[in-house]
Each structure stands twice: as structure tokens, then as C-alpha cells.
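Chain A is already provided as a structure; the job is to place chain B on it using the hints.
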Amino acid sequence: MSPEQNLSSPTRSPPPPEWASGLKRLYNSVVDEPLPDSFADLIAKLDDSDS
Amino acid sequence: MSEASDRNQFKREMLNVVPHLRAFARGLCGRADFADDLVQETLLKAWAAQARFEPGTSMRAWTFVILRNVYLSELRRNRFRGEYDETQAERILVAPAGQEGPLHLGDLHRALLTLPPERREALLLVGAGGFSYEEAADICGCAVGTIKSRVGRARAALSAMIEDGSLPKRASGDGVAHVEIMKGLAAAQQTKD
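Chains as they are written, first to last, in our numbering: chain A, 1 to 51; chain B, 1 to 193.
Worth flagging that the hints you see were computed from the coordinates, not collected in a lab.
Predicted model, so just to flag it, every value in this text is computed and none were measured.
Please note that a few of the clues may not be correct.
[To be verified] Output of the computed footprint for chain A on chain B, the stretches with three or more beta carbons under 8 Å from beta carbons of chain A:
1) 10-22
2) 39-53
3) 104-117
[Said to hold, decoys possible] Calculated lysine to any residue pairs in the SDA-like style (CA-CA distance at most 20 Å, straight line):
4) A:K24 to B:P117
5) A:K24 to B:H104
6) B:K11 to B:R31
7) B:K11 to B:A32
8) A:K45 to B:A4
9) A:K24 to B:G152
10) A:K24 to B:V151
11) B:K11 to A:F39
12) A:K45 to B:Q40
13) A:K24 to B:L75
14) B:K45 to B:L75
[Said to hold, decoys possible] Below, a sample of chain A positions facing chain B; criterion: calculated Cβ distance under 8 Å:
15) V30
16) V31
17) L42
18) L46
19) D47
Note that the Cβ used here is the ideal one computed from N, Cα and C, for glycine as well.
Chain A with its partners taken away, still in its complex shape (with noise of 0.2 Å):
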């Protein structure tokens, strides 16, 4: 697993590289944040103005 290698085959579909956790945990650590309510509260007034 030498870095060598994995740059020098881009033709193949390498696995993925040691930082490739890192996005998953970009967008959890996202996901996991408590939701501020005004995107509740947006989606309740769509509701309201809706005719």
C-alpha cells in the first residue's frame, strides 16, 4: 500500500485512500448537529400559505 502505487494507477479503480473516511465524517458530524427549529418552523408556515 505504498503511496506510489495508488497514484500511479488511475485507471483502476483504487480503494478508496486513507482520507476518504474523513468526508463521511465531515457529513455526519453535519447530519448530527441538533436541527436549529427555523427549519420546522419553515416547513409548518409552507402549510399555512399554501392555497
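Frame of chain A, contents of chain B only:
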């Protein structure tokens, strides 16, 4: 009436995907406040377009299409200044310290922001959001092969930045990211791809 319950169901499904919309938007634009603006705009548009949603299909995929369109149109209006929002993520270690020092989530996110938008979104959808190549292709309205190529190029670019230590640094990264985003956008508009 079943119409009212359909609307309530739609509303519930929208609320359920909001955390995912926020995560995708944050990944795309790098700022929590802008990202949440994008999500709010997305929810308004999704509500207005609810007749086009097919019940039983993925609300997450459907709203992601709307979100990416909102994002791209805001990007064209040059609304984003490419600033990176320093948060706790800044201090989360992704990989053990190598020759170039430790890799933090914040470093990774800044590097992601230097990519052309279409590669950034492809990598976010597949590498972070867990969509298949086929689903990501549907969301972006392009061929599966195009998505595979964009993901591959995005990964190679990030790997190269990490390997050779050219990750944008905290102090100067924002300006670099902005320039790269705008260059990428200009290129994307020229090639329409």
C-alpha cells in the same frame, strides 16, 4: 381528505432529509450560514414542486437535485466569497500525522473547496453521502461514466494535495479556494460539463 394527509406526509419527509441537505450544502459551500440559506431556499422550491415528486421514491435524492441547482445558480451570481467556516471540525484528526503533519477535517474540507464544483459535488455524493454512482448520475443529470470520472479525478487531486503537502493552509486557504472555485466555474461554463 387524503390530499391533506399527502401534504403532511410530504412535509414530514422533507423535514427528515433536512440534516442531509445541510450536510451536502455545507460540503459544497464550506460555510454553515450560507449552507443553511441554500437549504431554506431548497425547501421552498421543493414545496412549490411537490406535484412532481413521486411518492415512494427517494426524497433525499429528489431534494438534492433541487439543492444543487440552487447552489449552482448562487455560485453563478458570485454570492459565495469562498470563505471557510472554522468550526470544531478544524481540530478533528482524519489521518495520523505524516511527513507533512497531521491531516484535519478542516484541511480536507478546504482542499475539497478548491476542486471544480462538478468534481466536488460528485465526490460529496458518492464519498460522503453514500450514493451509488448511478444515483449520483441521476442527481447531477449526467452519465454514470462521467460521475465515475469526476469522482476519480477529485480523489486523485485530493490525494495529490495531501501527499505533496500543498493543502491550502488555514490563513491563506480561503482566498485560494475562492480563486479555484471561480476558475472551475468559468471552465465548467465554457465546456458545459
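Hint-by-hint comparison with the structure:
no. : hint            : result
1   : 10-22           : holds (count 7)
2   : 39-53           : holds (count 5)
3   : 104-117         : holds (count 4)
4   : A:K24 to B:P117 : 18 Å, holds
5   : A:K24 to B:H104 : 13 Å, holds
6   : B:K11 to B:R31  : 26 Å, violated
7   : B:K11 to B:A32  : 23 Å, violated
8   : A:K45 to B:A4   : 15 Å, holds
9   : A:K24 to B:G152 : 17 Å, holds
10  : A:K24 to B:V151 : 14 Å, holds
11  : B:K11 to A:F39  : 11 Å, holds
12  : A:K45 to B:Q40  : 12 Å, holds
13  : A:K24 to B:L75  : 24 Å, violated
14  : B:K45 to B:L75  : 17 Å, holds
15  : V30             : 4 Å, holds
16  : V31             : 4 Å, holds
17  : L42             : 6 Å, holds
18  : L46             : 5 Å, holds
19  : D47             : 7 Å, holds
Of the numbered hints listed earlier, those contradicted by the structure are 6, 7, 13.
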